[in-house]
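S.K.: Make one complex out of these two single chains by using the hints.
Protein chains in written order, with numbering that gives the first Met the number 0: chain Y, 0 to 135; chain Z, 0 to 392.
Careful: at least some of the hints might be erroneous.
As the list claims (entries may be wrong) - Okay, derived cross-link-like pairs now, DSS-like style, lysine-lysine, Cα gap no bigger than 30 Å in a straight line:
| # | chain 1 | residue 1 | chain 2 | residue 2 |
| --- | --- | --- | --- | --- |
| 1 | Y | K96 | Z | K237 |
| 2 | Y | K39 | Y | K81 |
| 3 | Z | K2 | Z | K285 |
| 4 | Y | K39 | Z | K237 |
| 5 | Y | K4 | Z | K194 |
| 6 | Z | K194 | Y | K111 |
Hints are computed from structural coordinates only; laboratory data are not their basis.
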Amino acid sequence: MGFEKFGRKSFTAMTKVAKFVDLLEEGKVEGSVCKQCGAKYFPPRADCAACMSKEMDWFDMPKSGKLETFTTAYYAPFGFEKDCPYIMGVADLGGIKLFARLAGDIKPEDAKVGMDIIIRSLKYDDGQMSFEIAKA
Amino acid sequence: MAKDVAVIGVGQTSFVRGYEGSIRELAFEAFREATQDAGVTQKDIAASVFCSAPEYDKQRSPAGVLAEYLGLIPQPTFYIETVCSSSSSGLKVAYSMIKAGLHDVVAVVGFQKMSEITSAESQERMGRGADIQWEAPFGTMMPAYYALYAQAYMAKNGLTHDDLRDVRIKSGTYGQTNERAVYRKGVKEADFDPKNPDARMAGAVAWPLRVGDACANADGASCVILANAEKAKAFSKKPVWILGIGAASEAVNMAARPDFAKGLSVGYGAAAEAYKMAGITAKDVKVAEVHDCFTIAEIMAYEGLGFAPMGDGKQLIREKATYKEGRIPVNVDGGLLSKGHPIGATGGSQIRTIVLQLRDEAGPMQVPGSPEIGLVHNVGGVGLYGNVTIFGR
Chain Y
0 MGFEKFGRKS FTAMTKVAKF VDLLEEGKVE GSVCKQCGAK YFPPRADCAA
50 CMSKEMDWFD MPKSGKLETF TTAYYAPFGF EKDCPYIMGV ADLGGIKLFA
100 RLAGDIKPED AKVGMDIIIR SLKYDDGQMS FEIAKA
Chain Z
0 MAKDVAVIGV GQTSFVRGYE GSIRELAFEA FREATQDAGV TQKDIAASVF
50 CSAPEYDKQR SPAGVLAEYL GLIPQPTFYI ETVCSSSSSG LKVAYSMIKA
100 GLHDVVAVVG FQKMSEITSA ESQERMGRGA DIQWEAPFGT MMPAYYALYA
150 QAYMAKNGLT HDDLRDVRIK SGTYGQTNER AVYRKGVKEA DFDPKNPDAR
200 MAGAVAWPLR VGDACANADG ASCVILANAE KAKAFSKKPV WILGIGAASE
250 AVNMAARPDF AKGLSVGYGA AAEAYKMAGI TAKDVKVAEV HDCFTIAEIM
300 AYEGLGFAPM GDGKQLIREK ATYKEGRIPV NVDGGLLSKG HPIGATGGSQ
350 IRTIVLQLRD EAGPMQVPGS PEIGLVHNVG GVGLYGNVTI FGR
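Just chain Z, same shape as in the assembly (with noise of 0.2 Å):
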């Protein structure tokens, strides 16, 4: 288990459903956090990763622009997009870099201000971030895609309604604790229930997926500032050490997806690569974020993790195994459903909330007994691409 890049500063910015601000002032919030958390300067920091999904602002090549507001100019900056795991791919470049000796501290910021288009609209990009050849002619968006999972999933595996319910119920429970939650309410059953017509969550959007089971758009910016070994124990009492990466990509068109009952193959592979890097095993993460952009994504990641076996990660939602004090806590910060899903800024935030477990630091999000390791798991696309890290003290 190699101690020799660290995160040393954590920023997030609320996520919100309309930011008042352009997107340069958007990640200037995150990361002036994130250099005080980190106690650094700009002339700390030899290179930038900037990383977000294209088409929801009108900035071309946002790198050079939010280097220059930020600061961060002339360091080298750069520009990396996997859609919704963005920022998780920009720590991988980031850590590339300073473990080749390239760059000795380095900021990764995530954003997305998705509130510049329609909710309409935004559909039609995010499903244009599939196949958009042979696929987006038939008129596909997210939810549909995560559906044709669902429908396979549960017909195979017994999973039903309820228990995804019960998914969302937890990411309600942890969200109202989260200061930076874009959806501060509680979920309770009777807001899946059709027969109540103030149900706010049964309502189908892409069947068997309901409102409920998606995850909010929000506006949102994240920054973590990486170092190596030397940099970090001189500028950091509290250290969060990159124990493993990994990263996995798979046929973008569902006619070449091997069998939609076992979930997204990108997250068995991303995992097995970060564990076999790390040299631990499910069992040793004690907390952990995971990619739930619909109730059913988490289910799925269980498995992939895992933390369940195939087809069974519905026993942890219904013995709550996933809550705070239980065997594996998932998402206590409210998770995608319900801190929201700013798309490029999302793996950063996952990876925020993870480095504060580590530091016992998350405030009332936080998992009891000083959890030694934790993993950040962050999907892009319908499991186009698959990233999970692996974080220790």
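Isolated chain Y, as found in the complex (with noise of 0.2 Å):
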């Protein structure tokens, strides 16, 4: 249990890797890492599909890199309507990547491919964690 608590509205309760949820808390952005190949993953996983290990570590994201694309959404699917008008989009970390919404204040004529970014992690009110991408 625990991933209710993940993100704006969560459609999985349960997964192995609901720890995530908690280092969220602690402010943390963490993906796996397989301890016996190496290979990194976001988001993370309790498997390694490299070399099918389940021994998987924590390790942290980057803080910061490049916003790779992003897109404003005027219209939102069932359950986020209230959130409208909200940018998503995909930061590029230095060869390792994430999708997130982008932070509340950034307006969206200011977005702009290519920008430096950083990610942090996000409470909302209702005590949903979550992460963004945030202006550098």
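M.R.: Structure representation (structure tokens):
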């Protein structure tokens, strides 16, 4: 249990990597790394697809990088309507990427492909935990 | 170029906004037309494959239910799903069963009744056709995913909003001539002009994509009947042969996608496999149906299929090369943008268009010069699944 606290609204209650949410509570955004072969993953996984090991460890994601792409949603799926408009994007943190919303203080016209960004954990008012892409 | 398996019959319902009937009745309409086209009855069909995306209607395990309604029991029946490319995947399964000698004639029926749920619910379900554990919690939806590709692609390759608009204008041109299309109106530049208060297509959905950049939800069904060489020659005067099939998959999470400015990797992968099997190149294709769920997707498809070099797809639309009279006509039935996109039925509808083209029976949509080779490009999810099928006379 515990993964229902992930994101604006979670669709998954149980996962072996639910500790990810506890780490977010500590202000950490972490991926998983295979103890056997060293393969790194984000989002984190409980199993290594490269060598089939189930011995995984956590590692701190790089804190900064560039915005590879983004979109501003002016229309939302069921359950997210109140958040509109919101920006979602992909950050390239130097070889490892991450998909998330952009911080609320970034205006749509200010977001640019290639801009410098940082990533950070985020706690919503209702207690949900997430992470976001913010201005560097 | 082996001629082992042929399409001997095709059928499609009109694609509509609110079909007044249930999914079994919808599927029956397409099936009836395909059997009449093929000149077969149920006893000639050895197996059936049903294709749709789940959760639009409440029926679980629809294959058995639909097989009964279509009069296809007690023959074996199967359910195949790769969301938007379900019926192309179903075609591959049917082809494989025939090639293996398991069955001689197989019906592939795609269906979707999207109007059972609201548009917002539909966006939520489509969003859940991606990564529900790690992405849906951010509020993702199909237009937003394709917009991620559009944003990076436009920034790198000089593709403009006017180019995207012109893709939609092309679809509108042919949607008007397709009596089965959900959107029968033409599209004008003014429809995308933000200064025009009556612009129907200018509003932002997931920027940089606008209302007019997105295909229309619809209800519809399609049916393709396949046969081995012996049965094809016995039943059909104009069999259309399956010359090549390619399929590929890609990471679901956007974090694992290689380069958004380069388009969908599954388009390249599936095309390479299909061309190799058919023993042809892009230059040999004389008419194509590509998966234009969004305008940007058509541009990316041009490149994945080798109709244009990577990053240069815009030239085809600027030169009108993909119009009916152009070098490589694409989506001259209105495409998903105007014809509509009833998820599970779409691949079969694309196949129907190409089969009619290769039989010179496409009516007002017919590409001149009796094309010998046609291609179908059908993508599932946000480039999660890619299917390319090549057909020949």
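S.K.: Now tell me, hint by hint, if it's right for this structure.
M.R.: Here is what the structure says about each hint:
no.: 1; hint: Y:K96 to Z:K237; verdict: 51 Å, violated
no.: 2; hint: Y:K39 to Y:K81; verdict: 35 Å, violated
no.: 3; hint: Z:K2 to Z:K285; verdict: 19 Å, holds
no.: 4; hint: Y:K39 to Z:K237; verdict: 54 Å, violated
no.: 5; hint: Y:K4 to Z:K194; verdict: 43 Å, violated
no.: 6; hint: Z:K194 to Y:K111; verdict: 24 Å, holds
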